[in-house]
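Peer 1: Same order as they appear, the protein sequences are chains A and B. Using my numbering, the letters of the first sequence map in sequence onto residues 120 to 316. Using my numbering, the letters of the second sequence map in sequence onto residues 559 to 1373.
You can take every hint at face value.
Here are the simulated lysine to any residue pairs, SDA-like style, with alpha carbons at most 25 Å apart:
1) K190/A <-> W984/B
2) K924/B <-> F242/A
3) K264/A <-> R1006/B
4) K236/A <-> N942/B
5) K922/B <-> D240/A
6) K924/B <-> D252/A
7) K236/A <-> L1010/B
8) K922/B <-> V245/A
9) K733/B <-> C1316/B
10) K269/A <-> A1017/B
Source of the hints: derived by calculation from the structure; they are not laboratory data.
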Amino acid sequence: MAVTRRQFMKVSAASLAASSVGALGFVGAGDVLAAGVRPFKLERATETRNACPYCAVACGVLIYSLGDKSKNAKSSIIHVEGDPDHPVNRGTLCARGAASLGYIHSANRLKYPMHRKPGSDKFERVSWDFALDRIVKLMKEDRDKNFIAKNRDGVTVNRWLSTGFFGGSSLSNEAGYLTYKFVRATGILGFEDQARI
Amino acid sequence: MTNSWNDIKNTDLVLIMGGNAAEAHPCGFKWVTEAKANNGAKLIVVDPRFTRSAAVADVYAPIRPGTDIAFLSGVMRYLLGNNKIHQEYVKAYTNASYIVKDGFAFNDGLFTGFDANRKVYTDRSSWDYELDDQGMAKVDETLQDPRCAINLLKTHVERYTPEMVERICGTPKAKFLQICEMIATTSVPDRTMTSMYALGWTQHTTGAQNIRSMAMIQLLLGNMGMPGGGVNALRGHSNVQGITDLALLSTSTPGYLVLPTDRETTYIDYMKSRAFKPLRPGQTSFWQNYEKFFVSQQKSFFGAAATKDNDWAYDYLPKFDTTYDVLKMVDMMAAGQMNGLFCQGLNIMLASPDKNKVVTGLTKLKWMVVIDPLETETARFWENHGEFNNVDTKSIQTEVIQLPASAYAEEEGSATNSSRVIMWHWKAADGPGESKSDMEIVSELHLRLRALYAKDGGAFPDPIVKTTWNYTRPHNPDPQEVLKEINGYALEDLPDPADPNRIMLRAGQLLPNFGVMRADGKTAGGMWIYTGVFTEAGNMSMRRDAADPTGLGIHPNWGFSWPANRRILYNRASADPDGKPWSEKKKYIWWSGSRWTGGDVPDYAPTIAPDKAVGPFIMNQEGTARLFARAAMPDGPFPEHYEPMDAYIANPLHPKVSTNPVVRVFAADAKSFGTPDKFPIVATSYRLAEHFHYWTKNVHDNAVLQPELFVEMGERLAKAKGIQNGDWVEVSSQRGAIKAKACVTKRIRPIMVDGKPCDVVGLPIHYGFVGFARKAHPMNVLTPSVGDASVNTPEYKAFLVDVKKTTPPAQPAVA
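Whenever a hint applies, use it, and build me the whole structure from the sequences.
Peer 2: In structure tokens form, the structure reads like this:
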């Protein structure tokens, strides 16, 4: 029989309760106690393997969410802990990683595309379509006007210097690769990430 | 890292210098604890502060910020002078015996070829070996020739006596010598030292040379390629390694290939300058396959539009005339030379030095796009936050669009840790509100821009409209499909080179390794170093078998370690020239008689016999590692101590060339450096155990644990300035002034430099005016906009300030 880690923990907890209570002379009371213990809080949760978002130790984490990931159920993350199987962190997390649930649910998470007009003192909510179309229009205007096809010696250089792109270092490899393809195809040379600084 | 987090357990000695793993990388630091508890290892910490890493060290030594090269050169002098080097290793695996050109010299702080007007070494031709008539490097295996690299090195470091080290670094001589003796114990074949460093070494105008100094020490000791050895960058962000590999860097393309320069006017020129020219007989290298990697990458980027006839779409790539790194871009922005900017998960207003210069730059942009999971100061640079960000909102004409990105828990994909191990993570829930993944945002932008160019034309639309974007879900590609593209696949049926009648790979099949990549357009592959991560056997980054058959912490079936699932780089050097392990205790890979074998993938051609004498450092033309760097570094083939740009003293070695002579200083910053008469205190920046960069001030728990900016100072300085713990202090530099609470500790003590006590203060980087921590002046108001001579990483770790008691900030200090 395959025993999952969670089942194993449950069995261990129950036998621990039984043996320690038994040692005090209350034989049989352990069984009653164990049965009465509220089922393990994470029992109903869905476990997802992920990695801590902070430093480059990139500790393995287990993220627990409510909801079974079916199409009509919205998952909600309730707990994050170290992944005991991960060979580097072996279940441990530091003060940052242990509090990372607070990052996931931070009140300062961005939820909607926002727009600040020139000279304005506030952000205004806009639609994704507005934001994305506006961005590519601004890009194209600047690129068409300032693209450098040839340098002063007549060499084809095909670069665009008047717009720059700072990328993140917490993107997944796949997001980073798509970002590279998107940005480099425009001829942008001012293309950097946190690794430089 | 050349080695891995798990490998640290194999070491006999840990040197933490330029980092603070116990606080910044606590769960990686456990492998230091493991080595101490179960391998009898000792820990040395060298740091300006008595950090929590220092608190558990066997030996701690203080050092003045920005003087690491003097310390490390002193260590090299000790090793060479006391014959505490691994002689056979040094002779066989480094360029110690190579004869350096007669014209090369070093005088008064300058190497040959310096152009005083342009402030660069314009003529680096003498920084090289003498070549014989076959074009091979001349060597003297007896090491008697005074021009042998190792003899020049001995002369070069001779000036770094323990007394000179004490004078420059402020490290007491006895402590320094104790550390030298400990390091020297690892010159024997059965003991190794590991080096753990981070931004404490990179964020200097001599950053790359700091790390090079340690690499040289490890070579002298024979500790490269060995279990428990290596030079190990701890690194900051969870996928900073992957994003570096993927080349979100101005002049690179994925897998450490390089964009063409203006001088490489044709594809033939470009390939010519990258052609591999061996410098020793029979030497092989990965780089002899450069064209295969490059053509495969172009096929991934541009598909059918990259053909032999158009030189594999060579002109679709921009050519560079100079590096457009972060500091350069900020300088261009501040000069009004840029119109648009994207900040995707990078809070440039806090991350780049000289905050006032950054804000000037952002103010001059026409538009800026911020893509981030969190609120950032950058997105709100136009908001007035009293004295913390005192801008005139109305006059700022920059249009800002802020896009909500989902975070790690809300997406799946792979990331690469600092051990180079690529690991998959799975999605746990949707992101908040209308947030979208970075993959979806970038795809939408690409497809919409592409549609505009396809419809209306414009400046050189070809690379945009012909970029390969043939994903099943083009608006939001499946990460697995993208990882397959990075790995690469056959575009046509490929015959087996050993048996032309047999098909090795069918069209569409994934490449098993980068060895099958081709320069004829029949293979595609986005990044050669990751090839093997997704093969016909499946997605290797998803592997979760934690077994460790050798017990050496290799875990070969956990994820995929680039390149080729190799866990320790240069591991051929763990065996002697005959292919036998240097010692039974440090046995790692060896020659079985017919092939290289052991618990790891050999960093070498698996069937090249030892008697072929192919060097183990196959990234280099000479096959050996470089004690003498040739012309690879812009500031010299040997490391040299130069003072930080905010120089605390005149350089005792050569006062006329006090600072790094080839550092790039922008005209706008010429007067931005401080002098000790006005700013007599040395400052450094650091990170707290409770915070990550500028993110966790948005997390309630972390903001409660470490709620506000402080300046840490020693008791002597506090007393002299009449400052008590908790007082408000003004910290000023040539760039500006901020207010911070005083944190008076015993952890920072004055250091005796050049015979006088030098006070040091430290400031955590984490605070700003957004988040749940108390509002604060960003500390990068203080730091100079200047970077390392090699790679332009900003000098955050050593600058000059003054401090004085002051009044609390005027603004209510709660965000």
